[in-house]
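Here the protein sequences line up with chains A and B, keeping their order. Each residue of the first sequence is one higher than the one before, counting from 1 in my numbering. Each residue of the second sequence is one higher than the one before, counting from 1 in my numbering.
Hints are computed from structural coordinates only; laboratory data are not their basis. If you're wondering where the values come from, they're calculated on a predicted model, not measured in any experiment. All residues carry an ideal CB built from backbone N, CA and C; glycine is no exception. You may find that some hints are simply not true.
[Claimed, not checked] Some chain A residues well away from chain B (every beta-carbon gap over 12 Å; in silico):
no.	residue
1	T34
2	E93
3	Q97
4	Q109
5	G146
6	D271
[What the hints assert, rightly or not] Facing chain A, according to a computed beta carbon distance under 10 Å, are these residues of chain B, among others:
no.	residue
7	E68
8	S188
9	H255
10	I256
11	V267
12	D271
13	T283
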Amino acid sequence: MAVLLARYAECIFWLARYMERAENLARILDVHETFSRDSHGSKNWLPIVELNADRERFFQCYTNASAENVVKFYVLDAENPTSIIAAIRAARENARQLRPLISTEMWTQINVFYGRLQTLTVTDIARHNLPKLCNGIKEACQAHMGITEGTFFRDQGWHFYVMGKYLERADQTTRLLDIKYHTLLPSTADIGSPFDISQWNSLLRSAAGYHAFRRVYPRGMTASGVAGFLLFNDAFPRSVAVCIREVEQVLGRLTSKYRLRRGNLALERLDEIQAALQTHAIDDVIDRGLHEYLDWLQLRLGSVSEEISRAFFGMEQPVPALTEGPGVAE
Amino acid sequence: MAGASGAFVNGTGNGVGRLLEAYDAQGFYDELFGRPDRPARHTEPIRNTLSAIDYEDLKRRAKDAELELYNLGITFLVYSQAQAVDRILPFDVIPRVISAAEWAHLEAGVQQRVATLNLFLHDIYHDKKIIKDGVIPADLVFGNANYRPQMEGLDVPFGTYIHIMGVDLVRDHEGTFRVLEDNGRVPSGVSYVVENRHMMMRAFPDLMSDIGIRPIENYGMKLLEAMSEIAPAQYQDPQVVLLSPGPYNSAYFEHIFLAREMGVPLVEGRDLVVLDDRVWMKTTGGLAPVHSIYRRIGDDFLDPLAFNPDSALGVPGIFEAYRKGNVALANAIGTGVADDKAVYAYVPRMIKYYLDQDPIIPNVETHICREPDALQFTLDNLDKLVVKPVGEAGGYGITIGPRASAAELDACRRQLLADPANYISQPMVPLSVCPTLVDEGIEPRHVDLRPFAITGKDTWVLPGGLSRVALRKGTLIVNSSQGGGSKDTWVLESDTPVQSQSQGQQSQSMPGISQSQAQSQEG
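Could you build all of it, start to finish, from the sequences and the hints given here?
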């Protein structure tokens, strides 16, 4: 059985994460732009900065969280490690090291995508161009995933790709949901108003979940309905529940098919998340504080990622030697 | 070489239409046209097809091809002002063509050269007979910075030290190929050879149809085969890896290419570890054994325990594992002695000494100034010669006689007299040219050729090689760092012009026949 270099596994895991992250950042910018279009809406773009825990870094470079500054910070600013361009650059660097492993089509698409981002100007990210820009970025990320799905050889590396993608997506879905709370925090009186409903509507659309949601809930739209859908729905591809299920499945396959026994701790962490997702009802979650719940999820997802890194990427401790296996005639 | 009966061509190149109509090789030997008194018959079908292509179309396709190189990231890194910039090696769409007969000759010559240098390396790390017999001066070997005493007495599989070799050839005004330099450490450029061909097949399917060109796609397989052959004998299915300094190395694309073509992991020093004098790589499941390493890291940086202690690129303990025969390295350690400029001058004598043969491909005429006659000749003809120091200066200190001032010639004369052993001299070679698409149109530009040979048990030579082209008008410098580009290099399966229009059937069947003829000349 072909072995996989630990560094390759790490690179492919992070390649997937960075692409997914860029796509979701575009979603977040897009939905926030929609929120802030309404006269009720916040003119303040600070929630995005807070969402990414970037307050300190942001105010080192900018004096106020204007739309222009925040978008620039998250799209064009290559110095900002949480920007889209930094994510795609990191994805490309990983892809570059993975070129013996990934398909030429995967590499070329990332290479061209990064080249295109590099040519973006301040005009391209102006408010009126933002929806178009975000769409372009989302499409490029989805093209990447489609090309990967269609061309990446299904050996060990594929499993690490899938794990990275869904772990990141779960994390980003919690952030997308959280932004609504950050945005609305000063005006809780609006909850349930037509304005509130239209914001949940936008949120769903930016998660590409509006039509699916309608199918499940043909009548009405409530905060708990949308939040529950994004967290717990077992068929919506961006819900946290589906993401966790996917990660658990591939991790299980790595331990069984490829006999990588060291993934057990990560599996235990995933079980904890699964249990929490299954036992909580959305109304309870909202009563006890959705924001806190999302924070808790993000921390647990982080620890899964750490366990995966410790188990497979060989950075923490010397790994025990494999036996020589077949093919040796000593 | 194809004879010139005059039946197919006349002096101005019969059958050549608009595209090459105004082309003038300016008196140099031309790779597509040959010489006026000895025209190249074997390229006639190619010239005809080329001429049928519209100039604007040619330019458009060339532009598309370069864009594709960028998109595919077929680049080398250039370091300027503390920044690393990805650059492509400019690709010229007009191919350079080598006849089957010329190739058979070159192939045999390269094989002879590789065999000789391997015998030489074995000799100097064992009995040192060639030195004892006074054929080559001892200080050239033992005083050489690339001589590795650690290799003394160590036996390598099949006596092969140089597994991958690139030989730099030039063609003079007579059309004679000559060796300019040997590259026996980590020769680069084979990735461009293969990628250029892929590019050509996509951009110019029409130019290539009905022309039997020897394929080059199997380079990776041949390399893997050799890497497996040299692995410690007890492993039936040896694990091969390619060891690279990492993404910031200028030749990183080539490393990617080679690993991918072999289907093996591209590892860095940090991915490997030596335990109990055996080499392991870190995998997702733990440590896995490694048996054969194509290393693209220089001797100095390979193992901080055995060589440069400051190097963080290599793998501590790897030399001991190698010495114990637990892992194979290609190229072997200490091969740099054989591709030194001073040693180069002695290669024709080595061929005589070890094989009792004459060189199949001659050197560029070289005067070894440590020898009194050669020194005198050099001093007498200083204004006509290129004088090169043989030390490790790498291009530094070269005096090009025909272009030097009187003061420079005087300085050169003084240096020669002070330390004659540090110099060789060569005539200036009027490099051959090849029609090349440049901004001004299609013009002659100088080219060289670097064939690649792979040696495990036997030596296999990739048909063709890297043709570098000096894109700047008048310059002889083909180096990529100095504005050089590259061309696809076609080795014909047969030298008989194919009548493509009228007898398509026949042209289909011919390459197969001629290929077997070409192969029969290999052994």
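Structure-based check of all given hints:
no.	hint	result
1	T34	34 Å, holds
2	E93	7 Å, violated
3	Q97	6 Å, violated
4	Q109	9 Å, violated
5	G146	18 Å, holds
6	D271	21 Å, holds
7	E68	9 Å, holds
8	S188	17 Å, violated
9	H255	9 Å, holds
10	I256	4 Å, holds
11	V267	7 Å, holds
12	D271	6 Å, holds
13	T283	4 Å, holds
When held up to the earlier numbered hints, the structure conflicts with 2, 3, 4 and 8 and fits the remainder.
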